[in-house]
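Undergrad: Protein sequence lines correspond, in order, to chains A and B.
Using this note's numbering, read the first sequence as starting at 1 and increasing by one per residue.
Using this note's numbering, read the second sequence as starting at 1 and increasing by one per residue.
Hints listed in this document are in silico derivations from the structure and should not be mistaken for laboratory results.
All residues carry an ideal CB built from backbone N, CA and C; glycine is no exception.
Certain hints may be false.
To be verified - Across the chosen pairs, the derived CB separations fall in these ranges:
#	chain 1	residue 1	chain 2	residue 2	range
1	B	234	A	257	39 to 49 angstroms
2	A	47	B	36	22 to 32 angstroms
3	B	104	A	112	17 to 27 angstroms
4	A	11	B	44	28 to 38 angstroms
5	A	150	B	104	35 to 45 angstroms
Each chain, letter by letter, is given below.
2 protein chains.
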Amino acid sequence: MKIDQFRVDPGHAVELAERSTRSADGFDGDKAAGQQEAVRLIGRLGELQQVLYAGATHKLLIVLQAMDAAGKDGTIRAVFTGVNPQGTRVTSFKRPTDLELAHDYLWRVHQHAPAAGEIAIFNRSHYEDVLVVRVHGLVAEERWKRRYEHIAAFERMLADEGTTIVKLFLHISKEEQAVRFRERLADPTKRWKFRAGDLDERKRWDDYQRAYEAAIEATSTPWAPWYVVPADRNWYRNLVVSQILVDTLEALDLRYPDPETGLDGLKVI
Amino acid sequence: MKIDQFRVDPGHAVELAERSTRSADGFDGDKAAGQQEAVRLIGRLGELQQVLYAGATHKLLIVLQAMDAAGKDGTIRAVFTGVNPQGTRVTSFKRPTDLELAHDYLWRVHQHAPAAGEIAIFNRSHYEDVLVVRVHGLVAEERWKRRYEHIAAFERMLADEGTTIVKLFLHISKEEQAVRFRERLADPTKRWKFRAGDLDERKRWDDYQRAYEAAIEATSTPWAPWYVVPADRNWYRNLVVSQILVDTLEALDLRYPDPETGLDGLKVI
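The following block holds chain A by itself, in its conformation from the complex:
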């Protein structure tokens, strides 16, 4: 499957309503075939991670953003269970603590940027500071507007210093969110995930979509592209995400490190 179709070209306007949440374009197969292909890709991802970690030169940062119930947790579970946690770190950015709020908004995310050989997965990220912050007016517009440039500059620096950045927006429809909220409420094993406040956020759906469009448009760059991943169907979402990650890692020149010199003829006694 070609991943370009999901990438947001730098400098292009983004209209989320124009982008399908259910498309299975570019994949000739049904759900079962898609799941099988995802298993293959995830296996490949595990192999690539092993070399990435051993080589300890490249760094991979994956940013996951989405509306509530779009499947951030589910994507991590589906795609990264099967990848060695040694070298793979997930950081969930929740409501900032007092300490975090006492710093600039990039301070807390910077600490969790990947080291050489690592994959860092951000479950939410610094993008919340131009999303929820904008929708709820937590800081003045003139302030959050400047953040697009900070973020682009920050990501540029990371990329220049050896970090490969992949940003994924899991795109679901408002109808699908309702279906998932109702499921959570009805299922005793999922009910704890539901907060009454989730419905207040849902009322701001359109505001969030506008905020996402603006953020994605302002920050999709050649060195840190955004992908809009159709996410109404979990199997297709997992397939697309794993294909994006495999293609991204395969484009790097991953290799095991050279052995120390002087090992020839060494005897183990």
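Given chain A, put chain B in place with the hints provided.
TA: Chain B in isolation, oriented as in the chain A frame:
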């Protein structure tokens, strides 16, 4: 399989030479059956982790220690690939940095202790400060000797504050280490793992065994027990480790959190 046979009873002397590195006691089956059982246990571990993470009350700390080539990395890969990395963190403690050395030896490990809902895996740990430090005389004996008590007190505090601690010593024979070193030297995809200095450490085998015995004896407690895991055969090692972890988690009262009150009758529109 009963895991008590691997546990070091508090206050008992530990003689590693008396403990088998190849035993398959307590498991009625061959390698294929053992591998199959490990797959089942690892699947169960994944389920338990999901509830641990959701519940966000218990914390699990796993300390992995072993001689070189005993399989610390391999154990993590085998047992934790298949567990959701969201909520599972591996920290590899290498030679301390200048910053780390400028602090007490527990400073760097404390930062990586698990939060509520998390599994933290230490690949090497604060135990290096009574192992390599002792064998190489990096600090005076009167100083490292006092560390057993610091460590016991530190772990006691972690346990009192809600951390379940499991310490695993992967026990291989000196012969098996030689076999694995030779394999590393001969295999181009593994050769990078070999350091000529590994052979110098191997010469101190007996010193390390004495250091492990003293450390394990001094710090195996009811709240932070050591397990000596026979590790000459990878399949058996994986089986024992996964059984220990499953039994440990099953002994906790893991459950999904209660849902927010007031959700009854809520309509998603």
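Undergrad: Confirm or reject each hint.
TA: Each hint tested on the structure:
| no. | hint | result |
| --- | --- | --- |
| 1 | B/234 <-> A/257: 39 to 49 angstroms | 23 angstroms, violated |
| 2 | A/47 <-> B/36: 22 to 32 angstroms | 23 angstroms, holds |
| 3 | B/104 <-> A/112: 17 to 27 angstroms | 25 angstroms, holds |
| 4 | A/11 <-> B/44: 28 to 38 angstroms | 50 angstroms, violated |
| 5 | A/150 <-> B/104: 35 to 45 angstroms | 37 angstroms, holds |
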